[in-house]
Amino acid sequence: MAGLYIHIPFCKRKCRYCDFISFPDFAHEDLYFVALISEMRKYAPLMRGRAFDTVFFGGGTPTALKPGRIAALLDEVRKCFDISPDAEITCEANPESATEEKLRELYSAGVNRLSIGLQSASDAELSAIGRIHTREDFLRAAEAARKAGFTNINADVMHGLPGQTQESYIGSLRLVSELDLTHISSYALILEEGTPLFDDVNAGRVTLPDPDDTADMEDAGFEFLAQKGYARYEISNFAKPGFACRHNLNYWDNGEYLGLGLNSHSALRLKGDWTRFRNTDRLDEYINELGEGKLPVRETRKIERDEEMFESVMLGLRKIEGISRAGFARRFGVDPVEHYAPAVTELELDGMLEVTEESMFLTKHGLDFQNEALIKFMEQ
Amino acid sequence: MAFPKELIRNFSIIAHIDHGKSTLADRLMQLTQTVAERDMEEQILDSMDIERERGITIKSTAVRMFYTAKDGREYMLNLIDTPGHVDFTYEVSRALAACEGAVLVVDATQGIEAQTLANVYLALDNDLEIIPVINKIDLVSADPENAIHEIEDIIGLPAEDAPQISAKTGLNVGDVLERIVTDIPAPRGDANAPLKALIFDSLYDNYMGALSYVRVMEGTVRPGDRIRFMHSGSEFDVTEVGVFTPNRQPVKELTAGEVGYISASIKSVAETKVGDTITLASNPASEPLHGYKQANPMVFCGIYPADGADYEALKEALDKLVLNDASISYEPETSQALGYGFRCGFLGLLHMEIAEERLEREFDLDLVTTAPSVIYRVIMLDGSVRMIDNPSNLPSPMEIQRMEEPMVSAHIMTPPEYVGSIMELCQDKRGVFIDMTYLEENRVKLTYRMPLNEIIFDFFDGLKSRSRGYASFDYELGEYEESDLVKLDFLLNGDMCDALSTIVHRDKAYAKGRAVAEKLQEVIPRQQFEIPIQAAIGGKIIARETVRAVRKDVLAKCYGGDITRKKKLLEKQKEGKKRMRQVGTVSVPSDAFMSVLRIN
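If you read the sequences in order, they're chains A and B.
Mapping of the first sequence onto the working numbering: position 196 corresponds to residue 519, and the numbering continues sequentially without gaps.
Mapping of the second sequence onto the working numbering: position 445 corresponds to residue 1058, and the numbering continues sequentially without gaps.
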């Protein structure tokens, strides 16, 4: 089973913390749409025999496209690829552009999971990070989603934002839980170089909460989510039973996926070789090369077995349930606990990792220091 | 047949860094067609990468040029290129002793600097004829009148008719050649007298062993001769003698007045010490040339491989480096924090930096170095004396009667407006004012007696920043003086870190302890537990800082399908970890050990 990702690189305005490839104008929307369709058609024969059981429209802001675009893309997806009947089809939405009309269109096109970028329920915090929507917009969008028929809805919520307190963060989480959404992604803000927020913080114009306070915030927030019945199943992801995101789980299982659109990444087993590649991150190149009938692929890399194994550990240990020993052994012919024995033993002694008959997984402490745990595996 | 002695001119070029010494040398070689146009490159005599990059000369070299002067005769010009830095004063003095004259290059935009002056005095001590030359007159900011004025006032040399040149463009460089021929005396010396050859440098060649670079003062040396080094007493058989064109070219003999090299299957440059006199075993000179000194290391530091597994590689690299530079000393030492490494001694701070850089570059090593130290003289209660070059080895204060530290005479030349600020700096560095003289209207010379341990840290940087780069500085070593010194230690999470220990004056211990603790608090990354950093004298804690425990070290988001990004971040973190040293329970980044240096 494989995942299909489709990138929509347009936003009404770019958020101050965002370093994804996205353009704050829609001038090239039509050309991009045509290029995406060509790209699907180019891949169609290559993907024959592969079943996709998740599709994910990410961005950017997919809901900001012209009416009918997502439906048309999804139509083409079905023509080009073998999409399972019970596939999870997610579309990202931003509160300000998620109108009932648009959401109805998505739903009737077959989108069955909606991921809303709330980030915060505090208008002050939202404006501090350059979001263009308000708490009210979110409430309206959530209601519209319900009316349109969506039952599987995620909200992204961030912590570590300028001016944020533990109370306001939990307030955001409470709002989501009161709306009874099925899924919450709760990310700590990562200050990325090159973003306006990064410059503001470095110049002292904006102050982020102390890292210790952010850590307290996170611990309290995650505790709150547990009480409200959202089970943590990945470092930053929480779901009501049965609503974990299958598309993302596929990444963490180090499964196959095809990325379409600007700067999207792919991992596929090609003629037996585990292979990663990405698309160009330049809009002109993407449109022109597809116009010339070429795939705009960059940095194709064959991943050696050792590296593929490490990837599986790195990704798998993001999941709370950890890595299935049997699954790992099926893929690589070795038990991970045996293969990584020195690292595993050291991490067990440090209280960071636990091993059972079925799996190995990080403890709460291990999850907090996942990077250090991974370096132990890496060094081996 | 030997070249007529009266047509030989042996000379050096004296200049401050950046005043154009190497460019002038290049130009002279070009004009005399010593180097073919197509082989011309910049700083041709500086063969080491570091020399070219830093624009400095570290080793002395020589080149033989032939020049047909206006009088119609062909002259042999031997240029001995010398290092310009205070660390190498002794080497410079021997190279100058091998000459009869020197070309003094003064930058028309800058005037005379302290190092130039120091080298002029060395040249005058060696009775050299000095030809002043004003360089860089092609620059808009050139003020040749002022330069002439300074040469006459500060040095006392007539400079009215000094050639005004641009070594860069080649303008008037021919005049310099003419002046070398007319002004510098021909060498004296008798080709038939007992051999006296002055060693002004040496070089290790993989095939020929250690080569002595010599100026033959008296007598003649040929292949097959058995030679004796008069100071070391060792004897060798000459296998080859030759000259520099600038590449080595064998000749039948070297006679009085000539400059060249002697090869005698010598295993190490330690055998052929700069300043020693080579004579013939069969017909020895009655006494050596004067001026020989054993060059002693002044500044010491610990050098350790960043990766402990590279200890053997570091040892081999040091063995090889010392083949070429006998003034470096090294012996094994161990540090609890840094493991196995070496205590290395150098002539000065620049010498130390260069050696470290060569080890890292030429031998591809990753090194950790500790803060430099001078040698302290420790007089024990029982009256015995110990010389301590490593703070960790300082005996307990209970056993010490008193301590002494080496002093220097520091000479600083500066425009008068910076005098106040520089005096403050010198005072702060425990300097004792000796003298201030106006060399002329806008040039002051300050003389201070200062502890060497104060100038090996950041004195030069301080001087430059307080004078906007205008002040220059030179020093000579003086005597040991009694001083109230203490050992300052640092504890990380309760464990003493020997590699951070340093010896300081008691009055400065508190400030320094605080500053270093603060610096360590900045450079030691937060770890899974809280780390107290303490500065201590004896058992007494004088400063404390804390590195708070880190709460999380995890990447919240996995960037969709972009796995490579996460992997790169981990790689980076892993590389950073590899550069950490374990002090007890605490991981300390390698460069923290040098951070003790970089505090104000």
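Derived from the structure by calculation, the hints contain no laboratory data.
Treat the hints with care, as some may be off.
In silico PhoX-like cross-links for lysine-lysine, where the CA-CA straight-line distance does not exceed 20 Å [to be verified]:
hint, chain 1, residue 1, chain 2, residue 2
1, B, Lys1153, B, Lys1121
2, B, Lys886, B, Lys865
3, B, Lys1187, A, Lys699
4, A, Lys337, B, Lys1181
5, A, Lys625, B, Lys1179
6, B, Lys906, B, Lys865
7, A, Lys337, A, Lys402
8, A, Lys699, B, Lys1191
9, A, Lys389, A, Lys335
10, B, Lys880, A, Lys699
11, B, Lys1165, B, Lys1153
12, B, Lys1170, A, Lys687
13, A, Lys625, B, Lys880
14, B, Lys1121, B, Lys1191
15, B, Lys1179, B, Lys1190
16, B, Lys928, B, Lys906
17, B, Lys1121, A, Lys699
18, B, Lys1165, B, Lys1132
19, B, Lys1058, B, Lys1077
20, B, Lys1170, B, Lys1191
21, B, Lys1125, B, Lys1170
22, A, Lys402, A, Lys551
23, A, Lys699, B, Lys1180
24, B, Lys1190, A, Lys625
25, A, Lys337, A, Lys365
26, A, Lys687, A, Lys699
27, B, Lys1165, A, Lys687
28, A, Lys699, B, Lys1165
29, B, Lys1153, A, Lys699
30, B, Lys1180, B, Lys1132
31, B, Lys1181, B, Lys1170
32, B, Lys865, B, Lys618
33, B, Lys1170, B, Lys1153
34, B, Lys1125, A, Lys699
35, A, Lys365, A, Lys551
Quick caveat, the model's predicted, so the values are computed rather than measured.
Right, here's what the structure says about each hint:
1. Restraint check for lysine 1153/B and lysine 1121/B: satisfied, since their Cα atoms lie roughly 15 Å apart, inside the 20 Å limit.
2. Distance hint between lysine 886/B and lysine 865/B is unfulfilled; the C-alpha atoms sit about 24 Å from each other, more than 20 Å.
3. Restraint check for lysine 1187/B and lysine 699/A: satisfied, since their Cα atoms lie roughly 9 Å apart, inside the 20 Å limit.
4. Between lysine 337/A and lysine 1181/B the CA atoms are separated by roughly 25 Å; this puts the pair beyond 20 Å, and the hint is violated.
5. At roughly 17 Å between alpha-carbon atoms, lysine 625/A and lysine 1179/B fall within 20 Å of each other, so this suggested pair holds.
6. Proposed proximity of lysine 906/B and lysine 865/B is contradicted: the alpha carbons are some 31 Å apart, above 20 Å.
7. For the hint linking lysine 337/A to lysine 402/A, the alpha-carbon distance of about 33 Å lies beyond 20 Å, and the restraint is violated.
8. For the hint pairing lysine 699/A with lysine 1191/B, the CA-to-CA distance comes to about 12 Å; that is within 20 Å, so the pair holds.
9. Our distance criterion of 20 Å between C-alpha atoms is met by lysine 389/A and lysine 335/A, whose separation comes to about 12 Å.
10. Between lysine 880/B and lysine 699/A, the direct Cα distance comes to roughly 47 Å. Violation of the 20 Å bound is thereby established for this hinted pair.
11. Between lysine 1165/B and lysine 1153/B, the direct Cα distance comes to roughly 34 Å. Violation of the 20 Å bound is thereby established for this hinted pair.
12. A C-alpha spacing of about 17 Å is found between lysine 1170/B and lysine 687/A, which places the hinted pair at or below 20 Å, so the restraint holds.
13. For the hint pairing lysine 625/A with lysine 880/B, the CA-to-CA distance comes to about 52 Å; that exceeds 20 Å, so the pair is violated.
14. With a C-alpha separation of about 34 Å, the suggested pairing of lysine 1121/B with lysine 1191/B is violated against the 20 Å cut-off.
15. With a C-alpha separation of about 17 Å, the suggested pair lysine 1179/B and lysine 1190/B falls inside the 20 Å cut-off, and the hint holds.
16. Between lysine 928/B and lysine 906/B the CA atoms are separated by roughly 27 Å; this puts the pair beyond 20 Å, and the hint is violated.
17. The hinted pair formed by lysine 1121/B and lysine 699/A fails the criterion: a straight-line CA distance of about 43 Å is larger than 20 Å.
18. Between the alpha carbons of lysine 1165/B and lysine 1132/B the distance comes to roughly 23 Å, so the proposed pair goes past 20 Å and is violated.
19. The straight-line distance between the Cα atoms of lysine 1058/B and lysine 1077/B is roughly 15 Å, inside the 20 Å bound, and the hint therefore holds.
20. Straight-line distance between C-alpha atoms of lysine 1170/B and lysine 1191/B comes to about 25 Å, which puts the hinted pair past the 20 Å bound.
21. Between lysine 1125/B and lysine 1170/B the CA atoms are separated by roughly 43 Å; this puts the pair beyond 20 Å, and the hint is violated.
22. For the proposed pair lysine 402/A and lysine 551/A, the alpha carbon gap of about 41 Å is over 20 Å, so the pair is violated.
23. Using a Cα cut-off of 20 Å, the hinted pair lysine 699/A and lysine 1180/B holds, with the two alpha carbons roughly 13 Å apart.
24. Our distance criterion of 20 Å between C-alpha atoms is broken by lysine 1190/B and lysine 625/A, whose separation comes to about 28 Å.
25. For a cut-off of 20 Å, the pair hint linking lysine 337/A to lysine 365/A is broken: about 31 Å separates their Cα positions.
26. At most 20 Å may separate the alpha-carbon atoms for a hinted pair to count; lysine 687/A and lysine 699/A meet this at roughly 17 Å.
27. At roughly 11 Å between alpha-carbon atoms, lysine 1165/B and lysine 687/A fall within 20 Å of each other, so this suggested pair holds.
28. At most 20 Å may separate the alpha-carbon atoms for a hinted pair to count; lysine 699/A and lysine 1165/B meet this at roughly 16 Å.
29. The suggested pairing of lysine 1153/B with lysine 699/A is violated, with an alpha-carbon distance near 39 Å, which exceeds 20 Å.
30. For the hint pairing lysine 1180/B with lysine 1132/B, the CA-to-CA distance comes to about 31 Å; that exceeds 20 Å, so the pair is violated.
31. Note on lysine 1181/B and lysine 1170/B: the hinted pairing holds, with a Cα-Cα distance of about 14 Å set against a maximum of 20 Å.
32. With a C-alpha separation of about 16 Å, the suggested pair lysine 865/B and lysine 618/B falls inside the 20 Å cut-off, and the hint holds.
33. Among the hinted pairs, lysine 1170/B with lysine 1153/B is inconsistent with the structure: their alpha-carbon atoms are about 47 Å apart, more than 20 Å.
34. The straight-line distance between the Cα atoms of lysine 1125/B and lysine 699/A is roughly 37 Å, outside the 20 Å bound, and the hint therefore fails.
35. Of the pairs offered as hints, the one joining lysine 365/A and lysine 551/A is violated, with about 46 Å between alpha carbons and a cut-off of 20 Å exceeded.
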